[in-house]
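**Q** Both chains are sitting in their own frames, so use the hints and assemble them into the complex.
Now for the letters of each chain:
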Amino acid sequence: MAAAATAPAAASAADTPVIELRKVSKTFGEVRSLSNIDFAVRPGEIVGLLGDNGAGKSTLVKTVMGFHRPDPGGEIYFHGKQISDWSVARARNLGIETIYQERALCEKQPIWRNMFMGRELRNKWGLLDVHRMREECARLMKEHMGFTSAAVHPDNVVTTMSGGEKQGVAITRALYFDAQLVILDEPTVGLSLTETRKTLDFVSNIKKAGKSAIFIDHNIFHVYPVVDRLYVLDRGKVAGVYDKSQITMDDLIDRLYRVARSGSME
Amino acid sequence: MAETSTSKPADNRVSPPSLLRRHGSQLGIIGVGIALWLSFVAAAPAVFTNGNIYLAFMQSTPQFGLIALALTFVVITGEIDLSFPSVMALGTAIFCLTVERVGVPVAMILGLLTGAVCGAINGLLVAKLNIPSLVITIGTWFLYRGLELVLMNGSGVPLTAQDYPGLHAVFREPLWGIPIQTLWMILACIGLWLLLNRTRFGAHVFLVGDNPTSARLMGINTVSVKMRAFMLVGVCSVFAGMMTSIYGYYFWPTMGDGFLLLTIAAVFLGGTSVFGGTGSVVGSFVAAFIIGAINAGIVSAGINAFYTQLAFGTVIVVSVVLQTIIDRRIRRQSITGR
Ligand SMILES: Nc1ncnc2c1ncn2[C@@H]1O[C@H](COP(=O)(O)OP(=O)(O)OP(=O)(O)O)[C@@H](O)[C@H]1O
Ligand SMILES: [Mg+2]
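Taken in order, these protein sequences are the chains called A and B.
Once you know that position 43 of the first sequence is 43 in the working numbering, the rest is easy, because the numbers rise by one and skip nothing.
Once you know that position 60 of the second sequence is 60 in the working numbering, the rest is easy, because the numbers rise by one and skip nothing.
Bound-form chain B, shown alone (with noise of 0.2 Å):
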């Protein structure tokens, strides 16, 4: 390195890209999460500096963020999946109905394999019929939940600590006095870092985003890499349905029908690109904490509920604008094109 920049002195594009430039969308984006977060503080204070509503949002952030940290995968690919919700609560209901013949373990594996069913379903459509997932998957939104709902009757189940201690002590209890379903967020952020970054899958799913054609000729199989995409979705969306769940002690037939706008917000502020071909899990992680604080933040502050719709409506809209215009900063193109 060293040589070559005496040989040749007027050189200086040696250097590496920018930690700015490679991670500017993510920074900036959360970023905004941040001042907004912050706006939140100054409104009200006395809620936002007590300890609990942390507390409170560490419990229920991984309940959406959990699915955040999958759909990355999916909006990574080009792709975007809006059956989720129907999905958690289908999976979850195959897990209560099962439940009492084949005991917790098996029913959960069913539940799970429910998810990876209704995944591949999504993926398959969408991927080997070419069919737009935006379309696609507010259909099977519709049949997973209508599916659940003709299963279910309509009713729910109760999920009592005394019925399920193992759930509760899995999915519920405090662990070294730090909430579980946080431990679980760090966990499947861990592993799904490493799923994307360090496996093929993952290299594929960054190139199948970017440009199916050239992943096509270069012997990469598109529809499978999209259709595990859409399954690991559906995998994450019931073990979230799972953990909400026993969280309220009791399955909700309508469960997963406020978590849309939040994850789909989570995933966008935390920096994955509309487009598809590019994203990062950590930018989902981080951004769904900063959505969960201003999610419980607004709640527990009083103000009215309206203001959550109008909070993740600015917080979708403002980050996947920034997000395009920064994308084309560093294309060094400009906006209209010129």
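Isolated chain A, as found in the complex (with noise of 0.2 Å):
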């Protein structure tokens, strides 16, 4: 904050978005999956990200994440401070945490070695606290998964686990850090009605929790509802941004099958 010395003082930090990017394009060989878009979440904000397949969602929440890098000229800041050296590693250390598409899990690894991927607990003398950690996954599973019917144990590896099992832990893992961003790229697909319904409130309770989301899903239905702004992507540019006090589902629904015909969204 202290850096940031023209920045104007409280009423606005308020307003400084925990994450912003800015003409950020993203270029992989021939393919332009980004191009030149500019993105902020606020502090308390859901944002919906919405558009076709391949517009380039899941490209622009791994660039907000620090797994892609973006091409020369984008630039990501971090309240307000401009990021230079951005990395999956940083982001997760600043309170970004993701639920990835393909959901990042190691198959043939015991689920708490999943549930503490890359932030592994440890103890006083800098080893892992496994003992620890196998419990903390124990009460995961059971507090936020619902496991006491079929539970598994945190041994058991990821590979047995059914598909939304498997998502369950990647929720879960999300979850546990206490993020102040937390990034959901498609997180209901292939979920059950009830634990669609429990990840659609676990997103409503960032925002009462006072922390933010980035939200993506292709059912409008899901989205709708929990998000206070949208973003539609369009083959990889930004094509409309949108309070959802401006825009009606109805509305939203038109314009998105306009853009999915011509490219615009008026």
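If you are wondering where the hints come from, they were derived from the structure by calculation, not from laboratory data.
Any given hint could turn out to be false.
[As the list claims (entries may be wrong)] Subject to a maximum C-alpha distance of 30 Å in a straight line, what follows is the list of computed DSBU-like cross-link-like pairs (lysine-lysine):
{"#": "1", "chain 1": "A", "residue 1": "K237", "chain 2": "A", "residue 2": "K23"}
{"#": "2", "chain 1": "A", "residue 1": "K166", "chain 2": "A", "residue 2": "K207"}
{"#": "3", "chain 1": "A", "residue 1": "K166", "chain 2": "A", "residue 2": "K23"}
{"#": "4", "chain 1": "A", "residue 1": "K142", "chain 2": "A", "residue 2": "K124"}
{"#": "5", "chain 1": "A", "residue 1": "K23", "chain 2": "B", "residue 2": "K128"}
{"#": "6", "chain 1": "A", "residue 1": "K62", "chain 2": "B", "residue 2": "K128"}
**A** Rendered as structure tokens:
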């Protein structure tokens, strides 16, 4: 904060985005997945990200996460401070967690290793606290994944779990670290009705706790009710940004169809 | 736990995976090794029931077993290092070349550093440039061996007990009646077990070998993890190289030549998966001694040495095949994928 010497005081500090991308493009060889994106998530805000398959949603959040490095010229700001050496480890240390579309699990490993992947707990000698990781994992599975009935032991390997259970691990993992920004990339795909409900409630709770989220889901009936703001991506570009108060769900659906056909929202 | 099982009586999945399931592949494969060894006992009982042979193999096994412990890390990351026999020789050569000027401790550090550098080069080529390790470490095998032969001009160096009493005390003289080589190996096994199972680096070794993309998405630096695993092999190889040279009172520039097969056989027999992601230092430890027993046995039973190759070929093929089968069983998949 102190470094941003020119930043006006208190009142607007609350408005300084948690994370902001300016002029961000991302090219993979010949493919331009993102072009000239401006994107921001403010504190306490749930931002929805909509767009067709291949629009660049996942690429965008992986850039936010530091997994992809933007093409030269793109800038990333964290709480108003430009960051040059962004990386996943850095992003996670600063309190950003992601439920990736591909779930990012290591399936031959026991659940507890997946739960604490990259953020392993250590004891006072700096050694892994395997005991505590197992216990925490068992607790999380019980409290958040509803695994009391079809209980799966923390030592079970992920391979043998069902698709929804695997997803549960990825979702619970993002919960554990008490992130200030949670990114959810299509978290409800393949989940049962009750699990979907739970996931949506989880997103609402993020807001209640005063934290932020980026929520990607193809089901607009999932996205619209929980978000504050919506970005619509089309072929790597931001096709529109809406405050929820500015647009009804029906209007939004109309525009999404229009975008898919013509590439323009109007 | 109790209350969940009463409220949902039909549920029996709460139990942790059984010991057999968790260690199934290791137990099975080590069983095969023991069976193989028993067949040697049956074939040459006079030799295999004599205590001397075990003393001999407790001295010689750690020479490659130490490397097998470290190689386990690289194999778990899903890679392989075939260059370690040359690294052994190169690091020991650096020791021999510098020892008269800088003294034993510094020369030893220089030797071990050489191992670390060789490992770092392997790791960098594999992890940063994504070159298959099977290919590139054949290349560096020649590179390091060539460099060593050039440096030594093809000749060896005597390492007598008079000239190097300290090294002989540390690497050769039995301690409390136990071959000191084996004590080193036990020490290394404990240290490396801790490194693999109780440090972040060890945890990342498993994750990187299991699914590198997932590991990267969760913020793990896969390049650094693999590099460190290769460096570990480099350092341990040189350590083993020094031990081997002291054992034979002489540094042979061809040192390490016979070690490749033994070491790799120990890692795979120990249950470390060829596919990466799973493996065990203790498995490699036990397997190294099984291999060592077989090796010592064949030699002292006077069986034609050609049979050693046959034996270790069998060990590698059978253990890898069994591993694959057991692995699929555990994952409840059929071999044919149906
Ligand atoms: N690592 C990569 N290498 C090459 N091309 C990539 C890579 N990642 C993404 N792309 C390309 O970028 C484009 C956008 O992909 P992205 O995964 O961001 O889409 P998406 O909006 O998340 O789609 P979906 O709704 O299907 O998940 C696609 O055309 C894809 O092929
Ligand atoms: Mg996507």
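**Q** Evaluate each hint against the coordinates.
**A** Comparing the hints with the structure gives:
1. K237/A to K23/A: holds, 11 Å
2. K166/A to K207/A: holds, 25 Å
3. K166/A to K23/A: violated, 35 Å
4. K142/A to K124/A: Given that 30 Å is the threshold and the Cα spacing comes to 27 Å, the pair holds.
5. K23/A to K128/B: Holds, because 29 Å separates the two Cα atoms, which is no more than 30 Å.
6. K62/A to K128/B: Since the Cα atoms of K62/A and K128/B sit roughly 21 Å apart, the hinted pair holds (cutoff 30 Å).
In this structure, the one hint that does not hold is number 3.
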